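Make the full structure from the sequences, and use the hints.
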Amino acid sequence: MIVRSLLLGISMLSLTVFVAQAEQKQEIEIVYFTQEKTAPPALSNLDPFIQDKGELGAELAIDDNNTTGQFTGQLYKLNKVIVPIDGDVAQEFNDKIAGKFSFVVANLPADDLLKIIDANKPEHTLIFDAGTTDDSLRQRCGSDVLHILPSRAMRADALAQYMLKKRWAKWFLVIGASDEDKLFAAAIKRSAKRFGMKIVAEKAWDHTYDARRTAQSDVPVFTQGVDYDILVVADEQGLFGEYLDYRTWIPRPVIGTQGLIATSWHRAHEQWGAVQIQNRFKEQKGRWMEEADYGAYLAIRAVGEAATRTQSSQLNDIKPYLLSDKFALQGYKGRPLSFRTWNGQLRQPLLLAAPRSLVAVAPIEGFLHPKTELDTLGFDQPETKFK
Amino acid sequence: MKNILWTVALCAAVTAHAETVYVTLEKDNALAVVDPIAGTLTKTVPVGQRPRGIAISPDNKFLYIATSDDDTIKIIDAETLEEVGRLPSGEDPETFAVSPDGRRMYVSNEDDSQVTVIDVQERKAIKEIKVGVEPEGIAASPDGRWVISASETTNMLHWIDTESLSIVDNTLVDPRPRALSFTADSKFVWATSEMAGTLTILDAETRQIVKNIKLEVPGVTFDKIQPVGVAIDKDNRWGYVAMGPANRVAVINAKTYEIEKFLLVGERVWNLAFSPDQKRLYTTNGVSNDISIIDLASHKVTKSVGVGRYPWGVVAKP
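Chain order of the listed sequences is A and B. Position 76 of the first sequence, counted from 1, bears residue number 76 in the working numbering, the numbering being contiguous throughout. Position 143 of the second sequence, counted from 1, bears residue number 1143 in the working numbering, the numbering being contiguous throughout.
If you are wondering where the hints come from, they were derived from the structure by calculation, not from laboratory data. Take the hints with a grain of salt, since some may be wrong.
To be verified - Here are the simulated lysine to aspartate or glutamate pairs, EDC-like style, with alpha carbons at most 16 Å apart:
(1) B:LYS1214 to A:ASP325
(2) B:LYS1224 to A:ASP375
(3) B:LYS1130 to A:ASP63
(4) A:LYS282 to B:ASP1112
(5) B:LYS1255 to B:ASP1235
(6) A:LYS371 to B:ASP1112
(7) A:LYS282 to B:ASP1111
(8) A:LYS282 to B:ASP1235
(9) B:LYS1027 to A:ASP325
What the hints assert, rightly or not - Covered stretches of chain B, as calculated for chain A (at least 3 residues, CB under 8 Å):
(10) 1168 to 1182
(11) 1222 to 1233
Source: prediction; values computed, not measured. Glycine included, every Cβ here is placed at the ideal spot set by N, Cα and C.
Shown next, in the form of structure tokens:
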């Protein structure tokens, strides 16, 4: 670990010297900050564990920024700081990043992100959260952190809009055992209330060894005796949700974290130029672009867009631009993306996707809003305590 | 008797204004042939994988069609609709521009961030010019001096000098520039920005922006106003902008730059083409799978013609 950071330090130093000698380009350095992960338990081998989710999206964004930079005299550099599995995220942030860099793209779980937010001085460093979907993180006052991925509330609202359109008004909610599952379920409940839908049954999936082994017999019994339109599942890690489809007592579709999902990116998405970036990513990186890659990509493209428009590399110019009315980010989803100034959330359309097809894009037609229909998803300004 | 009269009348109409409109159908892998006077679909012929950009040679003999998933631009005989050759367009061609003399073609290669220049006679690529990320809209000035390539993700117009075939200037424009068009006198360029909902007009001499028009429609939220195709009439009186999911074509006074009116057309209106006599404008409507025909004397939509799935590009032949 010491050797690694030393090497990184040396390479950074030599790069800086090289660039300073080469030409007078405006330099914008962006840190990609994450921690190594262990492979989580998985239900099937179809989707292999990907260690560099997010990182490759960051790389592509830097390349795209630099293609533009060659015409604007700006040079973007990616500085990856990857904390080892047993490392301390807050410690690494303090040692390597705090006070040294203006832009940090963090791909971290919510609790780790909160630690670095607390350690950070927003006047020196702008943190882009490209990893969490946590609503509580988005209920902190101010916009010292910009959240790229849609929150759970936005996802639940997107699903609810679709279910309302389909008149699937009676929901059977199945909740997994993890804390994240409970947060997703809370978002679903909020959406049900918001759109006047009814949760007619709510059950916890115990997740015992037996239950997993006997899905075929267990799921019918589990779903028996309730009259409902659709089964809504909260299983963020994917430990049992895939078992539900085709195994329910009465024939009902599955929606939520499995079945039909709401996501900011999906491999089935190819409208609005998306096929271009899907191809570019696959060709260069050898795998599909994942949601985490899209998150890191957008964060770095946002810096690039603001740096191009302001012709500046300074946080003091770039951050106000990101939060201004002028900022409009192209995100391959048919509408310009921008930040909600009240909580730093990137407003964006959500893709409603089945494993192999794009079913709909939220906001669903007919859900209106006085400012932008994108704000029908998630916590709108009047619903928050911030101005 | 009645039938005969009808036939005679139809024949007279056809001989008086013989005209053919060609529409690429992205999802049908086909070309639709439309009689715009009768307002009917004449026929549909297979043309290759994912046809998008379409143009006609200055002598009206050949159609050029970018069949994106075949990685080529096909040369199609405009009469027989047979393929007579292919041009080395580079990967995934979508949009391209033909020089006014018909000798050169400039192709946007979105995935490779470059423009490929093709010698049409020799059917050879003669140069690749590096541009910004995802070049899309491209236009050649009628006087032959400029080619402008718009890169969607870099948000720039790249001014390519046609003598040296190199970029001499770049203009930053609003987010996601899509399409552009020169005025007939080559003095001005109109460029649409899809994500900003704006039209930017530039002076080709100074390469400076002279006007930026925000397209706003009462009752339509700003993020649905996504201008794409743009066309200006030869007398420089009116300009027309296809507004994508706003389902309208904006009619803009080319002298005062005032928006005259919005014409409701089909869903997700994409590209535009004039009839050769410039009495009509044709629009491709990507979601409603039809084209709209606009009468330009009255500025009214007179007809829509169902053509097939995902109509993309359109061109008319006398």
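| Against the structure shown, which of the earlier numbered hints fail to hold, in ascending order? | Checked against the structure, the hints that fail are numbers 6, 8 and 9, while the rest are satisfied.
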